[in-house]
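Peer 1: Here is how the chains run, residue by residue.
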Amino acid sequence: MKGRRHSQFQKILVGFDGSHQGEKATETALVLAKSLDSTLLVFAVARPPEPATMVELDAMLDDAREHFEVQFKKIVQRANELDVELRTDIAVGHPVEQIVHRAETDHVDLIVLGRRGKSRFERMLVGSTAEKVLRYAHCPVMVVC
Amino acid sequence: MQNVWALASLWVGLALLATLLAIWFKISTALTEIVVGTVAQLFIGALVGTKGLGASSEWITFLAGTGAIVLTFLAGAELDPVIFRTKWKEAMVVGLVGFIGPFLGCTAVAHYILHWAVRPSWLAGVALSTTSVAVVYAVMLELGFNKTDFGKAILAACFVNDLGTVIALGLIFSPFTIRTLIFVVVSIVVFFILPFLTPRFFKHYGGRVSELEAKYLLFLLFGMGGLAVWSGSEAVLPAYIIGMVLAGTVGKDHALVRRLRTLTFGLLTPFYFIRAGSFVSVPVLIKAPLVFAALFGAKMVSKIVGLFPTVKAFKYQREEGLYYTLMMSTGLTFGTISALFGLSHGVIDQAQYSHLVATVIASAVIPTMFANAWFMPRHLLPKAEKEVAAKEVSAVTTD
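Protein sequence lines correspond, in order, to chains W and H.
Quick note, the first sequence lines up with residues 336 to 480 if you use the numbering used here.
Quick note, the second sequence lines up with residues 21 to 419 if you use the numbering used here.
Source of the hints: derived by calculation from the structure; they are not laboratory data.
Where chain H lies over chain W, by a calculated footprint (3+ residues, C-beta under 8 Å):
hint, stretch
1, 383 to 391
2, 428 to 440
On the chain H side, residues computed to face chain W include the following (Cβ under 10 Å):
hint, residue
3, K46
4, I47
5, A50
6, L94
7, S152
8, V277
9, R281
10, T282
11, F285
12, T289
13, L352
14, I381
15, P387
Below, computed lysine to aspartate or glutamate pairings styled on EDC-like, alpha-carbon distance capped at 20 Å:
hint, chain 1, residue 1, chain 2, residue 2
16, H, K46, W, D397
17, H, K167, W, D397
18, W, K409, W, D424
19, H, K272, W, D398
20, H, K46, W, D398
Computed from a prediction, not measured in an experiment: that's the story for all the values here.
We treat Cβ as the ideally placed atom computed from N, Cα and C, and that holds for glycine.
Construct the entire structure; sequences and hints are all you get.
Peer 2: Here it is in structure tokens:
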């Protein structure tokens with residue numbers, strides 16, 4: 336029911352990277368937001384290649400925005416089914432820094448993340464993004480396996 | 021014909037490998053292509069001979085050259101003319117200082133410390149004078165500075181910096197004959213006409229399957245590039261300026277830019293960067309590491325010395341550290357274009373080329389590596405320090 340947000344977690348942020356784990360984390364966050372009557376921010380971060388060249392950077396950012404916007408449509412549809420108040424956003428930069436920063440500026444009460452990242456390199460370092468967010472976040476962090 | 025297809029398959033296979041490496045390690049494709057080119061030449065050269073990779077074949081040279089030209093055009097087209105118009109004074113001053121400092125500093129170090137001849141020293145100055153617009157832009161986006169006056173001015177300054185590099189490359193090594201005069205006059209006329217002619221031409225004939233816009237631009241770039249080379253200059257010089265003058269029109273046509281990027285990244289730039297990497301000699305780098313260290317040091321020091329008074333003059337004290345860090349990065353694109361121009365025109369030899377490319381890569385990579393190795397959410401650092409200080413004060417006052 337809207338307007339009765341008494342739970343500790345009124346604002347939830349879920350880090351979304353388009354991976355299978357990211358989708359699981361988003362579904363978990365949606366269900367949680369529904370049960371706690373919270374608002375949910377689905378937050379994606381486009382990480383620039385390093386070191387960037389200008390044309391490649393712009394191409395990557397355009398592709399990332401398009402990719403995430405397509406994924407966000409499915410998530411919005413799911414949120415409407417569950418009657419969850421949802422926002423989506425895309426930032427550019429280092430994923431951990433952007434997630435932690437956004438959670439602070441938006442006064443988020445809970446961060447939800449998938450345990451493993453998408454790339455093979457990240458899979459070798461189990462949950463490195465989640466681990467760093469756990470270390471620096473100002474609020475509770477839920478890691479979805 | 022079979023040899024051509026086998027060679028093409030090898031090169032595109034290397035490009036595919038480079039792309040996979042870029043995806044796995046989240047680094048730029050340009051960098052992986054250069055490294056793959058270097059390693060491929062090392063192994064293939066050892067197995068088959070130095071010509072095994074075929075980097076000097078005419079058709080590979082043509083594709084690589086086209087890649088450099090189109091990439092440079094697209095880089096120029098990234099300029100935001102509105103920002104440039106509002107911040108042009110700061111951009112000109114900061115950009116020129118950012119160019120002149122390392123240009124003169126690296127030239128001096130190459131000539132007086134490394135004892136390179138005059139022309140190779142000038143080439144070293146040009147190659148190491150660039151600033152990576154992409155690195156600056158990425159950080160601006162990350163920190164949200166791209167919307168502030170500070171960020172806009174710095175970005176515009178980076179374009180001016182690179183324009184200085186391109187003009188220096190195009191004119192310093194030019195023989196300055198009547199051909200050069202013809203090239204300059206024709207270029208000026210073309211640059212004035214294009215912003216008027218191009219959008220009207222596209223509006224009338226564009227938007228069709230036959231890709232008239234791409235053909236028009238390639239015709240322009242090849243034509244002006246041919247005129248540049250005829251006059252003794254460099255083809256990327258008119259390409260960059262054409263990109264800049266069309267930034268407000270073609271640059272804003274997102275669909276056209278995307279199609280050009282597909283052509284560029286899908287086929288052309290891999291040939292360029294792999295070829296650039298294939299001329300790097302690893303044994304030379306291993307034999308004389310201090311040459312690389314001297315050039316790298318010269319780049320860093322000359323940037324700081326050149327930028328310090330400018331930073332103070334524009335009162336950028338608050339963002340000073342960030343500013344210096346950003347401006348340290350060398351542009352991979354223009355740095356390698358300058359070095360390859362020097363090698364192709366006999367200005368520098370392979371050893372000097374290897375050192376310059378290694379320095380360009382290092383000054384693009386090392387600032388990023390430091391930033392990631394000591395990663396800490398930057399926005400939290402002052403708050404964390406303040407909290408510690410507050411706790412200490414509180415502990416003292418309650419005692």
